[in-house]
Amino acid sequence: MLYFSKLRIVFITIFSLLFVLIASSNLFKFDDSFFDKKINLGLDLQGGSYLLLEIDNDPVIEQKLQNLTTTIRNFFKEKDIRINNIKIDNQNIFFNVSDENKQQVIEIFEEENSEINPYYPRFKSHQLEIEDTGLNLKINFSRQGLINLKTSSQDQAIEIVRRRVDEVGTNEPNILKRGNNRILVELPGLDDPMRVKSLLGKTANLTFRFVTQNEDERFGVEKLEFEDGTQEAVVSKRIIISGENLLDAQPKMDTQNNQTIVSFTLDRVGAKRFGKATSTGIGKKLAIILDGKIISAPVVRDTIASGAGQISGGFTFQSATDLALLLRSGALPAPLEIIEERTVGPDLGQDSINAGMIALSIGFLLVIIFMFVKYRFFGLITNVTLIINLFILLGILTLFEATLTLPGIAGIILTVGMAVDANVLIFERIKEELKDETNNILAFDGGYTKSRTAIIDANITTLLAAVILFFMGSGPVKGFAVTLGVGIFTTLFSVYFIARLFTSLYVAKNKNNGKLI
Amino acid sequence: MIAFNKYYNHFNILSSALIIISLLLLIFKGLNFGIDFKGGTLIELRSNDTKINVSSLRDKFSQMNLGDVSVKKFGSDNDFLIKFENKDNKKNIIEEIKVNLDKSFGNSYDFRRVENVGPKVSAELLKSGVIAISLSLAIMLIYIWVRFEWQFSLGAILALFHDVIVTLGVFSLFSLEINLSIIAAVLTIVGYSMNDTVVIFDRVRENLRKYSDIKIFELTNISINETLSRTIITSATTLLALLAIYFFGGEILKGFSLAMILGVVFGTYSSIYIANTVLVRLRVSQKTVLREDDSK
Chain X
114 MLYFSKLRIV FITIFSLLFV LIASSNLFKF DDSFFDKKIN LGLDLQGGSY
164 LLLEIDNDPV IEQKLQNLTT TIRNFFKEKD IRINNIKIDN QNIFFNVSDE
214 NKQQVIEIFE EENSEINPYY PRFKSHQLEI EDTGLNLKIN FSRQGLINLK
264 TSSQDQAIEI VRRRVDEVGT NEPNILKRGN NRILVELPGL DDPMRVKSLL
314 GKTANLTFRF VTQNEDERFG VEKLEFEDGT QEAVVSKRII ISGENLLDAQ
364 PKMDTQNNQT IVSFTLDRVG AKRFGKATST GIGKKLAIIL DGKIISAPVV
414 RDTIASGAGQ ISGGFTFQSA TDLALLLRSG ALPAPLEIIE ERTVGPDLGQ
464 DSINAGMIAL SIGFLLVIIF MFVKYRFFGL ITNVTLIINL FILLGILTLF
514 EATLTLPGIA GIILTVGMAV DANVLIFERI KEELKDETNN ILAFDGGYTK
564 SRTAIIDANI TTLLAAVILF FMGSGPVKGF AVTLGVGIFT TLFSVYFIAR
614 LFTSLYVAKN KNNGKLI
Chain L
-18 MIAFNKYYNH FNILSSALII ISLLLLIFKG LNFGIDFKGG TLIELRSNDT
32 KINVSSLRDK FSQMNLGDVS VKKFGSDNDF LIKFENKDNK KNIIEEIKVN
82 LDKSFGNSYD FRRVENVGPK VSAELLKSGV IAISLSLAIM LIYIWVRFEW
132 QFSLGAILAL FHDVIVTLGV FSLFSLEINL SIIAAVLTIV GYSMNDTVVI
182 FDRVRENLRK YSDIKIFELT NISINETLSR TIITSATTLL ALLAIYFFGG
232 EILKGFSLAM ILGVVFGTYS SIYIANTVLV RLRVSQKTVL REDDSK
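Chains as they are written, first to last, in our numbering: chain X, 114 to 630; chain L, -18 to 277.
Okay, chain X solo, but in the shape it has when bound (with noise of 0.2 Å):
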């Protein structure tokens, strides 16, 4: 266990080295792109916010199966099969059917080609269930069906959330898909997150209707708040324009009446649509809504062709630039709520990261005192390992671009305290040996040796505990597991390898000069 040939200490040192060098990276700046790489502080060390958001799928659900039951009806109706009392309940459709019907109706659904269903062969699924209660027909989404309308939905929430975000221009923001309903938001360095979360909160569903008296319109009618909450008024559900639209929004400022506003450009359908509507409509009033609250209802006064307009609604500046932001990038499929949100304020942060490097130092000095009063020149081996160690885990950490967080620095101290676990076994086991055996090399061989299994047995045992960690934890706590767990390879390697070259030159020398330990 003492034997290293020449070809192997060059080894560990260049590979000690290449570690400290990669890890000291971190304090100099470095031309080379391979060593100019740095360590990430968490969200909880540089002040950030983490924000959560899941996406509401039951809005998308009732509308599809909204559409679904116009669907059936048409399709049907051309294959002469008459559709009674079809309705939507507890996201299912019901509908009854004459009974020689009934069973073509299922056979049509469940045919693997089916025109009305359709069928996902990767997981032998259709998008829809048919099922024959006795009293009618139900039809809802699959499971897989499910899966795949809130991965698309996800899909689209994620690419608007990003627009959102992008555009208040925060820097390197870090958006990730969770589960399939879910949306992580990591903002760094963002002292006050309620604008993005004002932005986020906000479906953007923008509608140009027009507001109505005639109460049985052939489109239906519905009742909506003013934004202010002061008025309301009825406006068709027929719409005119959406926001889907819409090209450009941009925050103006009128300058006949000193008013901030919006303005806008539509797309050619758009601007066709908004010709026609305006020509045919002047007088009448013309209802923009938001997210079911009317922002404004101008008069109509003359024919609008050119598919630019503008809304004014008594905005600020900075709501109007908000209005604008979201009328860009789009609409949200479906709303999202912030389920989980964790800010933490950059002087916090400032004052986590002296605290920890404080503690660390203080932890530190507080074991290399102990094991040098406790074993003089062999602690001070375990002390020259433990630095190495310490840079080579840092190195590590700074190579892979790992995040390092509150948690994350205890798990180093926490590493300190028990790297020189693996040493101290060796130590006592080489006391053991040497009490009956003279020749130092033995004994020192045999203490290696020995002490191989329980090293071994124990330094898995807490790496097992890491994974889970790492695993089922979530955030900061994540940080604690990859700094655990990479510690005890580290410490491993540094043990073995460099305490250990360490020990053999120093035995190698003395071995005649009684006992070394």
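Accuracy of the hints is not assured; some may be wrong.
Unchecked claim - Facing chain X, a subset of chain L residues (Cβ under 7 Å, in silico): (1) Arg93; (2) Asn97; (3) Val102; (4) Leu116; (5) Ile120; (6) Leu161; (7) Ser162; (8) Leu168; (9) Val171; (10) Met175; (11) Asn176; (12) Val180; (13) Ile214; (14) Thr219.
Note that these hints are calculated values from the structure, not bench results.
Ideal Cβ positions, reconstructed from N, Cα and C, are used throughout, including at glycine.
Using the hints, position chain L against chain X.
This is chain L only, laid out in the frame that chain X set:
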């Protein structure tokens, strides 16, 4: 040589009592779950005005209809930790609070940290915490089973149960807050306690192979003594590191390091007085390990 084995019975009674008391505490007093597991809102507020203190803050917050509000000093005299349930999960609650506080305190304060955990998330976090701890215990059990005989596995797992339950018992007794980092601490305790037990077991097994004429009662004592200086040194260095975190690592890590300190103390104790006594009570002998060697 210290006669640890003289006190096996005494300490077994003590351990059983500790476990029973802890279980009773956990059942009847329960744990003080933080917002991570209960849901709700937490604000860490720093003031630079002596007008702001616990009672004035409590006054202001109780006027805001937030349900049960707790206001506490947090570390220094001008840092406060405010927690409330946020039952209706109101969206713009932080903004509303800011507007309200601005009215009375102007800008002489600052939110240093805001955490808001919805009921769904807190339920999930609790579930995954429980799963993580159970999973780690199960994996340790299996690992020791693979590496040693089942008697050892049982001894190690009883020691682990003891450490986890008594640590949680202390948290319950003093109503210390259980949050995500405490789960991390408990998992690390599991790893550490196991680590400690394994080192002694490894020696027990080695001695079992070496001596056929020494009874397990004596043999465990020999093994404990042989590994004792290592046990003390490693516990000492680990505790030194943990004490450094506890005293200098800032308020946020206090609970975490306290749990770890307790865990290291209990873990060291249980390796000696629980894990080994199980071997004694199960009458482990040289046959136990030789049979294992044959089957390999």
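Against the structure, the hints:
1. Arg93: holds (4 Å)
2. Asn97: holds (4 Å)
3. Val102: holds (4 Å)
4. Leu116: Hint holds; L:Leu116 Cβ to chain X Cβ min 6 Å, cut 7 Å.
5. Ile120: holds (5 Å)
6. Leu161: It holds, given that the least Cβ distance between L:Leu161 and chain X is near 5 Å, below 7 Å.
7. Ser162: This hint holds: L:Ser162 lies near chain X, its Cβ roughly 6 Å from the closest one there, short of 7 Å.
8. Leu168: holds (5 Å)
9. Val171: holds (5 Å)
10. Met175: holds (4 Å)
11. Asn176: holds (4 Å)
12. Val180: holds (5 Å)
13. Ile214: Nearest chain X Cβ about 5 Å off; hint holds.
14. Thr219: holds (4 Å)
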